[in-house]
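Here is how the chains run, residue by residue.
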Amino acid sequence: KWKGEGTTQNLENIVIGRCYDYIRIVNPAVGEKNCSQIWEAFKNAFINKDPCSILPKDYELFINLSLHTIPPNKSLFWENNQLLVNSFADRGRRYMSLGDTLFGFVGDFLNWCGQADSPGLDYESCPTTMECENNAVESFWRMASITYAQHSSGVIHVLLNGSADGGAYPQPGFFADYEIPNLEKGKISQIVIWVVDDIEGPDIDSCGVHSVKTLQTRLKTLGYDVTCSDNNK
Amino acid sequence: MPLQQGSARTRQRTVLLVGIVVLLVALVVAVVLASLLTHGRHEVSPKMLKWKDRGTTKNLQEVVLGRCYNYITAQYPELGDKDCLKIWESLKDAFIYKNPCNITAEDYQPLMELASHPIPCNKSLFWSKTNDLVHRYTKSNQNFLTLEDTLLGYMADRVSWCGDPSAPGINYESCPKRSECESNPGSVFWKMASKMFAEAACGVVQVMLNGSIEAGAFRSSSIFGSIEVFNLNPDKVSEVHIWLMQDIGGPQSESCSGHSIQRLISILEERNFKIVCEDNYRPVQLLQCVQNPDHTDCRLCTNST
Chain A
1 KWKGEGTTQN
11 LENIVIGRCY
21 DYIRIVNPAV
31 GEKNCSQIWE
41 AFKNAFINKD
51 PCSILPKDYE
61 LFINLSLHTI
71 PPNKSLFWEN
81 NQLLVNSFAD
91 RGRRYMSLGD
101 TLFGFVGDFL
111 NWCGQADSPG
121 LDYESCPTTM
131 ECENNAVESF
141 WRMASITYAQ
151 HSSGVIHVLL
161 NGSADGGAYP
171 QPGFFADYEI
181 PNLEKGKISQ
191 IVIWVVDDIE
201 GPDIDSCGVH
211 SVKTLQTRLK
221 TLGYDVTCSD
231 NNK
Chain B
1 MPLQQGSART
11 RQRTVLLVGI
21 VVLLVALVVA
31 VVLASLLTHG
41 RHEVSPKMLK
51 WKDRGTTKNL
61 QEVVLGRCYN
71 YITAQYPELG
81 DKDCLKIWES
91 LKDAFIYKNP
101 CNITAEDYQP
111 LMELASHPIP
121 CNKSLFWSKT
131 NDLVHRYTKS
141 NQNFLTLEDT
151 LLGYMADRVS
161 WCGDPSAPGI
171 NYESCPKRSE
181 CESNPGSVFW
191 KMASKMFAEA
201 ACGVVQVMLN
211 GSIEAGAFRS
221 SSIFGSIEVF
231 NLNPDKVSEV
241 HIWLMQDIGG
251 PQSESCSGHS
261 IQRLISILEE
271 RNFKIVCEDN
281 YRPVQLLQCV
291 QNPDHTDCRL
301 CTNST
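If you read the protein sequences in the order shown, they are chains A and B. Quick note on numbering: the working numbering labels position 153 of the first sequence as 153, and the sequence is numbered without any gaps. Quick note on numbering: the working numbering labels position 96 of the second sequence as 96, and the sequence is numbered without any gaps.
In case anyone wonders, no lab produced these hints; they're calculated from the structure. Some hints could be false.
[Unchecked claim] No farther apart than 20 angstroms at their CA atoms in a straight line, the calculated lysine to aspartate or glutamate pairs in the EDC-like style are these:
| id | chain 1 | residue 1 | chain 2 | residue 2 |
| --- | --- | --- | --- | --- |
| 1 | B | LYS58 | B | ASP93 |
| 2 | B | LYS82 | A | GLU12 |
| 3 | B | LYS139 | A | ASP108 |
| 4 | B | LYS58 | A | GLU12 |
| 5 | B | LYS139 | A | ASP197 |
| 6 | B | LYS92 | B | GLU106 |
| 7 | B | LYS50 | B | GLU173 |
| 8 | B | LYS139 | A | ASP198 |
[Stated by the list, open to error] Not close to chain A: a few residues of chain B, all C-beta gaps over 12 angstroms, as computed:
| id | residue |
| --- | --- |
| 9 | GLN61 |
| 10 | LEU65 |
| 11 | SER183 |
| 12 | TRP190 |
| 13 | SER220 |
| 14 | HIS259 |
[Unchecked claim] Derived coverage of chain B by chain A (criterion: at least 3 residues anywhere in the stretch with Cβ under 8 angstroms from a Cβ of chain A; other residues may be distant):
| id | stretch |
| --- | --- |
| 15 | 48-59 |
| 16 | 70-82 |
Bear in mind that the values here come from a model prediction, so they are computed numbers and not experimental data. Yeah, the Cβ is synthetic: ideal placement off N, Cα and C, and Gly gets one too.
Same shape as in the complex, but just chain B (with noise of 0.2 angstroms):
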C-alpha cells in the first residue's frame, strides 16, 4: 500500500538523516577535544590572569641556567661553587603557581642566599637612568661593578618572568605592569637585590647619574634614591663619588651644583659619607664621544702635553 510505502521511506530518509548529523556531532566534538589536548604549553588557559605588560621570557629555564654557569665557569671562576640548578629552582619556586600580585621579600629569600657573593671593595658602581652608558663602562672596564655585573643581576637582566594560580604556573603571555600592582614578581626581585648591592659595598662607592634629563638627575623615586642610599653601610663604605654625566650635545640640565643633586649630598652626608661630585668624568665620556667624535667636547686633550 502506498501510503505504508512513503512512510517506510521516510522513515528510511530519517534514520539515514539522524544517523548523518550523530556523525556529523561527533566529528565536531572529536576535533574540538583533540585540538583543546594538544594545544601547545603557550596557550593561556581560559582561567590566567591578564595583564599589561609583557610575558614570562620563553626558555627561561635555559637562558638562566646558561647565564649561571657561564657567570661562574667562564666569568668568575671564584665562585665555583655556586649550584646553578639549586639556583635556578629557587628561583622558580618564588614565583610559579603564585598570583603575580602577592609576591613578597620572603619568597626570593632562597634565591637571594644561594646567589648572593661578596663584592670587592670599592668596585660597586651604582646608576640611575643610565642604564645603556654604564653597562658599555663596565663591559670595557673590569674595575667597576654594576648590580647586572653580580651574579643576581646578570641571571635576571632584561628577562622577565612571573606565575599564575593556574597551570603550567608560568604565565608566558602577559605579567602586571608596576602601575597594575607593585607586589609583582619583577619590581621585588629588583627591590631585594638592590638592597644587597647596596648593603654589600665597602670602601668608595661610585655613582653614575644622567644630568640631561629635565625631572633631576637624583630621584627620590627611582631605585637607586629610595632603596640604595639608604642601605648603604657607613661602617663599611667611606666615600661616595658622583660621576654626573651628561648627553654629548645634550641638554645640561644639571651639574654638580644642581638642586637634586644638592639634595643627594645632604642625604649622604648626613649619614656620614664624604661625597665628591665629578662633571663629565672623563674615562666615561670618552665612551660617549665614540658616538660623537667631532663634538667640541670631544677632542682629545689639548692642555695636557
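This is chain A alone, in the form it adopts within the complex (with noise of 0.2 angstroms):
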C-alpha cells in the first residue's frame, strides 16, 4: 500500500523500555517521568487517524511529557554524520546531541505509523515523506527538532559532513528548516560550525565555499556569532 518500512515489531516495549533505560541509566539526572504516560502520548498523537494527516503539534503532549533541560553549550546539531556524532557526542556526557535527549532517544532508528479507523499500528507499510510529508515519522523529527533547537542555549555546534553529496548544509533539511528559525537568539551566545569529510572522502564542501558559506551568511545576517572550522580533528 505505501512504499515505506511498515512499523517496527515490537514498538512499544522497544520505547517503554528507553524510556526506563534513558531515566534509570543513561542520564538519570532528569528524575523521574511516567513512562507509561509518555508512550500514551507518544502512540496517541498518530493512531487512528490517517497516516498522512501528523503534524508536528500533535507530539505536544508526548514533548511535554519528555521534555528536560539540555544543559547550556551542550547541544550538537548534524547533517549526514550520525555514526560520527555519536561518538563524539560520547553519549551525552561531552555533547547532547537530539539523539542523546530523552524524547530523540526513544525514537531514534524507529519507524511507526497507523492508520485511519483502526487503532492498530500498520507493520506492512508506512508513508514515505516523497508520498507525504505529514507522516507520523517526519513529523515526530520536526517537533523533536524544533523543540531541541527552542531548549538549546550557550555555545551551540554543528557538525557538518564535507563529503556529503549536495553540500554540507542541507536545504531544505532539519537544520535549515526546523531548527536554525527556533534557535532563541538572546539563549545562545555562538556558534560553531565543524566540517568534518570523512576519512579518504572526497572534500566537496568547506567553511566559507558553497552551501557552507550559505549557512554562515545566513546565520550572521540573523545576527549570530559565528565560527567555522574545518576537519576537525
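Need the complex rebuilt from these two chains, each delivered in its own frame; the hints are there to steer you.
Below you can see the structure in the form of C-alpha cells.
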C-alpha cells in the first residue's frame, strides 16, 4: 500500500524500555518520568488517524511529558554524519545531541505509523516523506528538532559532513528548516560550525565555500556570532 | 450521700478515661497496620539482607525487555527468532528468591542458551581497562563487536540485579560487592558471558588494552587475563591483534615491548596463536584525539600526502 517500511515490531516494548533505560541509566539526572504515560502520548499522536495527516503539534503532549533541560553549551546539531556524531557526543557526556535527549532517544532508528479508523499500528507499510510530508515519523522529528532548538543555549555546535553529495548544509533539511528558525537568539552566545570530511572521502564542501558559505551568511545575517573550522580533529 | 456520689463520678471519669485510652490505642494500631500494609514495594522487609553495592536497577524488567527487543528488531534482525519474554524470565529465574552469595553457573545456563548467538569471524574485540574508549569505537565502527555489543552483554550493560530469599525476592536496596562474596549474581553472569564470548570467537581477534595504567596493561586478575585468554579456541582463532592505547598526554606506562605485554604474548604463543601488537592503533587514537585536538599526537598525517 505505502512505499516505506512498516512499523518496527515490538514498538511499545522498545519505546517504554528505552524510556526507563534513559531515566534509570543513561541520564538519571532528568529525574522521574512516567514512561507509560509517555508511550500513550506518543501513540495517541498518530493512531486512529489518516497516516498522511499527522502534524508536529500532535506530539505536543509527548514532548511536554518527556522534556528536560539541555545543559548550556552542550547542544550539537548535525547533518549527514550520525555515526560520527554518536561517538563525538560520547553518549551525552561531552555533548547532548537530539538523540541523547529523552525525546530523541526513544524514537531513534525506529519507524511507525497508524491507520484511519483503527487503533492498530500498521506493520505492513508506512508512507515515505515523498508520498506525504505529514506522516508520523517526519512530524515527530520536526517537532523534536523544533523543541531541541528552542531549548538550546550557550555555545552551540554544528557538525557538517564535508564529503556529502549536494553539500554539507542541506536545503531543505532539518537544521535549515526546523532548527535554525527555532533557536532563541537571546540564549545563544555563539555558533561553532565544524566541517568534517569522511576519512579518505572527497572534500566537497568547506568553510567559506558553497553551501557552508550560505549557512555562515544566513546565521550572520540573523545576528549570530559564527565561527567555522574544517576537518575538526 | 456525698461519698457515694463522689465514687460514681470517679467511676464515670475512669470509664471515660479508659474509653479514650482504648480509642487512642486502637487508632495507633490502625495507623501502624495501614502503613505496614500499604507501604511501597521498595520497602526493605526487615528480613532482607543488606549489602555494600547498589541494589537492583529499578524497572529492570522493562529495561531488559526493551533492550532485547531493540537489539533483535532494530539492530540485528537476523536474530528475529529470539523470544525476549522467555529470555527475561530466564534471567529473573536465575536470581529471584535466591541468596545472592550462592549463585552458580547452572543458574544462568538457560539464559545463556536462549540469548547466545554466533559472532562473525574477525570481529571479536576484547578489552581491559578501556571501557569508555572501546565502546565509543564500536559505536562508530560497526566492524567490531565487544561483549557489550552482543545480545547478552547489551541487555546487562550498566544494569545490576540480585535476589533475596524473602519477598518480593528482588533486592532493590543493595547487592553484594565482589569483596563481600564472589558468587554474586553480577560477577557470575559476567564471568560466564565472557567465557562464552571468548569460546565463540573465530578468525582474527582484537584486544584493546590500556598503556597508561601503572599496574600494567595486562593483568592476570582481570576477566580478560583470567577467563577470556584461556577460552579462546586455537582451532578457530588464528591471530590475536593487541591494540595498546595510551591516554593522549597521559602517562606512557607501557608499550608493546613492556613486561606485562610480553607475558601476555608468551601465554598466547604457548597456546599457538600468532600475535601482532600495535602501539596506539591509529583509528582508535583518532577517536581519542577528538577530545585533544591540539596535542602533537593529534596532528593529521604529515608524512603520507
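Hint-by-hint comparison with the structure:
At most 20 angstroms may separate the alpha-carbon atoms for a hinted pair to count; B:LYS58 and B:ASP93 meet this at roughly 17 angstroms. Straight-line distance between C-alpha atoms of B:LYS82 and A:GLU12 comes to about 17 angstroms, which keeps the hinted pair within the 20 angstroms bound. Taking the CA atoms of B:LYS139 and A:ASP108, the gap is near 14 angstroms; set against the 20 angstroms cutoff, the hint holds. Using a Cα cut-off of 20 angstroms, the hinted pair B:LYS58 and A:GLU12 holds, with the two alpha carbons roughly 19 angstroms apart.
For the hint pairing B:LYS139 with A:ASP197, the CA-to-CA distance comes to about 19 angstroms; that is within 20 angstroms, so the pair holds. The straight-line distance between the Cα atoms of B:LYS92 and B:GLU106 is roughly 14 angstroms, inside the 20 angstroms bound, and the hint therefore holds. For the suggested pair B:LYS50 and B:GLU173, the alpha carbons sit about 8 angstroms apart, so the restraint of at most 20 angstroms is met. Under the criterion of a C-alpha separation no larger than 20 angstroms, the hint pairing B:LYS139 with A:ASP198 is consistent with the structure, at around 16 angstroms.
Once the 12 angstroms rule is applied to beta carbons, B:GLN61 is inconsistent with being away from chain A; the minimum gap is 9 angstroms. For B:LEU65, the shortest C-beta to C-beta distance to chain A comes to about 6 angstroms, within the 12 angstroms cut-off, and the non-interface label is violated. Residue placement check: B:SER183 keeps its beta carbon more than 12 angstroms from all beta carbons of chain A (closest about 25 angstroms). Non-interface call for B:TRP190 relative to chain A: holds, since the shortest CB-CB distance, roughly 17 angstroms, exceeds 12 angstroms.
Interface exclusion of B:SER220 from chain A stands, the closest Cβ pair being 31 angstroms apart, more than 12 angstroms. Every CB of chain A lies more than 12 angstroms from the CB of B:HIS259, the least distance being 32 angstroms, so the non-interface label holds. Against chain A, the stretch 48-59 of chain B contributes 3 residues with a C-beta closer than 8 angstroms to a partner C-beta. That satisfies the three-residue criterion, and the hint holds. Check on the stretch 70-82 of chain B: 3 of its residues sit with their Cβ under 8 angstroms from a Cβ of chain A, so the three-residue criterion for coverage holds.
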